[in-house]
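Participant: The lines below spell out each chain.
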Amino acid sequence: MTATTTAAPAVGIPVPVSERARNEKRLGWKLTAPAVIVMLAVTAYPMLNALWLSLFSYRLTDPAAREFIGLRNYGVVLSDALWWQTVVTTVIITVVTVAVELVIGFAFAMVMHRVVFGRKVVRTSILIPYGIITVVSAFAWKYAFALDSGFVNNWFGLGDFAWFGERWSSIVVICMSEIWKTTPFMSLLLLAGLAQVPEVLQEAAAVDGATWRQRLTRVTLPNMKGAIMVAVLFRTLDAYRLFDNVFIMTAGAQKTETVSFLAYRQMISRTALGLGSAVSVLLFLSVVAIAAVFIKGFKVDLSSVRGR
Amino acid sequence: MNKQGTFRSRLGTYGGPVLVILWTLFPVIWILSLSFKPESGINNQKFLPDSFTLENYRTVFKTPLFTSALRNSIFISLIATVLSVMIATVAAYAIARLDFPGKKLILSLALAIAMFPAVSLVGPLFDIWRSIGLYDTWLGLIIPYMSFTLPLSIWTLSAFFREIPWEMEQAAQIDGATPWQAFRKVIVPLAAPGVFTAAILAFFFAWNDFVFGISLTSTDAARPVPAALAFFTGASQFQRPAAAISAAAVVVTIPVVILVLLFQRRIVAGLTAGAVKG
Amino acid sequence: MSDRRKWTVAVAVVLVASATAACGGGEAGAPTLNWYINPDNGGQKELAAKCSAASNGAFRISTSVLPNDATSQREQLVRRLAAKDASIDLMSLDPPFIPEFAEAGFLRAFSDDEARELTAGALSGPVESGTWDGKLMGAPFWANTQLLWFRKSVAQAAGINPARDPVTWSQIIDLASAAGKTVEVQGNLYEGYMVLISALVSSAGGKILENPEAGKNVRPAIDSDAGRKAAEVIQKLGRSKAADPALSTTDEEAGRAAFQGARGGFMVNWAYIYGAAQEAVVAGTLDQAVVDDIGWARYPRVDAAMPSRPPLGGINLGIGAFGKHKDEALQAVRCITSLESQTQYMLKSKNPSARAAVYDNAEVRKVFPMADDLRASLDAGAPRPRTPYYTDVSTAVQRSFHPPASVDPNRAPAKAGKLIVDVLKDKVLL
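The listed protein sequences correspond, in order, to chains A, B and C.
Residue numbers for the first sequence follow the numbering used here, so the first one is 23 and each next one is one higher.
Residue numbers for the second sequence follow the numbering used here, so the first one is -14 and each next one is one higher.
Residue numbers for the third sequence follow the numbering used here, so the first one is 3 and each next one is one higher.
Chain A on its own, in the form it takes in the complex (with noise of 0.2 Å):
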């Protein structure tokens, strides 16, 4: 990407000043109003109302039974060790499909960085793991470790290892599938850090006689910081709404569920939508508390995320 080019202001044509400014910010609120009014519509409203319903007992097969009960759902799921159970496994499943991601991610962005040869190929192969359904990848990483069909164990000489029979062994085949799924993003916001920092600072350290790990970690990383929390942040938060890779390959099962599954399953399976929208609005609730430790505590600079 090119050096920024701030918005210059819309200015040069000889109107009174404060009449030009109404318009503008008049036609900027009209303009923004649609979408604004569409994105409340479709998540706040939702959102409302999910609220009202967790202060209910309220289960869909037995309408007659519904009752006002306060947040004692809350305190029902703050207080079952199921929930914390899923919030284990989903930040488990983030912090490793996100810290392998970050490594990956970095050997790819640094090789579609470097590369001469074949960048076109690189590139677009790159992007088919991002545009594929993950429902798909989970299907194929699934099969690929499945006993019956899958050729892993045949490879690898494990025998009859069963990959989905146990708790780990599950969740690392939902990370791989995660993980070779996910890692194209992260690359290429990596590769976009990557092009901002100066090739000038580069070749006065190598001129200093810098090894070449010396410069990743004194010039390159540094100079990326803004970049990678931004990659962090965004993998963070849509790593622990991680749902399609858990529903397909173990249905919850070997205790691999998901706070995103848990609450799906509350809901939707066993329509109480009571409990299950106190399960909803927790699993909100920690998405909103990620971004503001990722905003406040690691300073992450949203207004570079912006583009100023």
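All the given hints hold, so there is nothing to weed out.
EDC-like mimics (lysine to aspartate or glutamate), calculated; alpha carbons at most 16 Å apart, straight line:
1) 427(C) - 84(A)
2) 47(A) - 84(B)
3) 88(B) - 46(A)
4) 31(B) - 182(A)
5) 429(C) - 102(A)
Just so you know, these hints were derived from the structure itself, not from any lab.
Take the given structure of chain A and dock chains B and C to it, following the hints.
Facilitator: The following block gives chains B and C in isolation, referenced to the frame of chain A:
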């Protein structure tokens, strides 16, 4: 020493790219290979088929579950994309071009909504949809799809629009055009590539959706492709046809591959534009 | 490539894709009945065509296939019915879900006269499981039960004949372990696992719930000797060499594949597997020798002194409470569940009939050499608990007993009992 050096640099030049390509294409080739395996050879536990068949493709195209899902997915995703991009284009223009209080708030709102966990919306939406008759309809999916396609489009487009040479608009305005005319006649053609990129990205997201697809539909009337893949059935309720699912998976991956092949540069630009300054 | 050409290609791709997708939708006609069916090999579709034709233009039946597993089938139907969907005229229902549907007012009850007509000549199990609160809610269509399937060669080598002398779980687990063979059961975390647990508890002389009809105020009965004996069987199998390596993810088909394979010894599974094995021979994926080697017997005992209670399954036909063509739907139910239709269905889809007389049909007996065993098993079977909260009860039991290898007989039944109570009182998540 010297020899090793050239070897290393060669490894860097060729090894890196080859590794990346292997990584990205390996699972794709695997699912392609599975889709060519005959039902009897699906469990050969090898990467490649022992014998080659197109039977699985014939099966999926004879399955109404799949053909209707393909239709649903294409149109639902396209409609959601077009609507979002239209609304987003107008909004992003205002954000990039005009100075008014609240535009940073709108961008933050878009970012927050793009990060919204879809599962949180599913329960209330289901409850609302069933009471107003939107359950298991196209519109019932198009609306929730806009919860992510719209913020994504606003985001991508605002970044693109910042790069547009706005002087041309000013020139048009000096020539006597109203701001609206200047927008339509001068900026729209300039902005079209960005709009198209935003549309591709939004389409990818809509095409990928699973949570809304399984929760807010229940029949061929609106069920999209990812949900249909998860509900694929065999000859009895106990059978799950891996080979047919693979064939269906390959079919729905083809549009993605075509889009990526045609618009690789645009997609890369679009993905990075909103995320990192510059 | 120029931009214009890219656009053209993109548009062409969309057009081609939509054209491919566009076939196979939209039809017109007078009253069309929508029948939601569980997946099968086309048997129900055949009956739909047959009964449409037989109605002389009074109605047309079109079928919509539900997802694979019973739980998802229920999920789809509940969601539509909760929305008071008028387009559900007929549905193929797994019997355990009938109480829930009936209580929620999703089903049109059959009148006593209709019930008498629809259940005449039917086996008692399917009639009972289609009835709730004294009313027939689902007409018996087909009935399912599990048998003990064994490889004759393995049984012979071990010196037993399960078809003649009833065997116990303990016995076959030991024999299979010694012979390096497996005992295949459904151990995945899904409804099939509940089928196993429920049959084991019933076979040990117990039940899951004390008073299933009490709804939310139910008292669990699984925390009992019978519950512990059932858990012991699962634990023993899970820890033995006779367990499938993928026991905790095995479903009906995975079990069948393993049973037909080199290590196949014993398996409990539904009636469809014999037909499926024969179809595999026709398709060239299985040796006839394997099919010839398949024997069958009554479901294994838990207690050597007590006859087993095999699981019951199958499909009953319900009429949607919100449909606009209930009279036509009733006519369709009469036709679909007729003796002739059920015979045709059993032959086509290899699922056992709910009518006793079908088992005496000569052709059926030729295709199902185990026809008498199936019928006896159906008569002796124990249904899963009949409660409007069945899904929660079932999930609570499955979770407390999963994974099979780590089931503790001293804890799992107690845990299941407590979880059932807590879940129904909304005190915990599930």
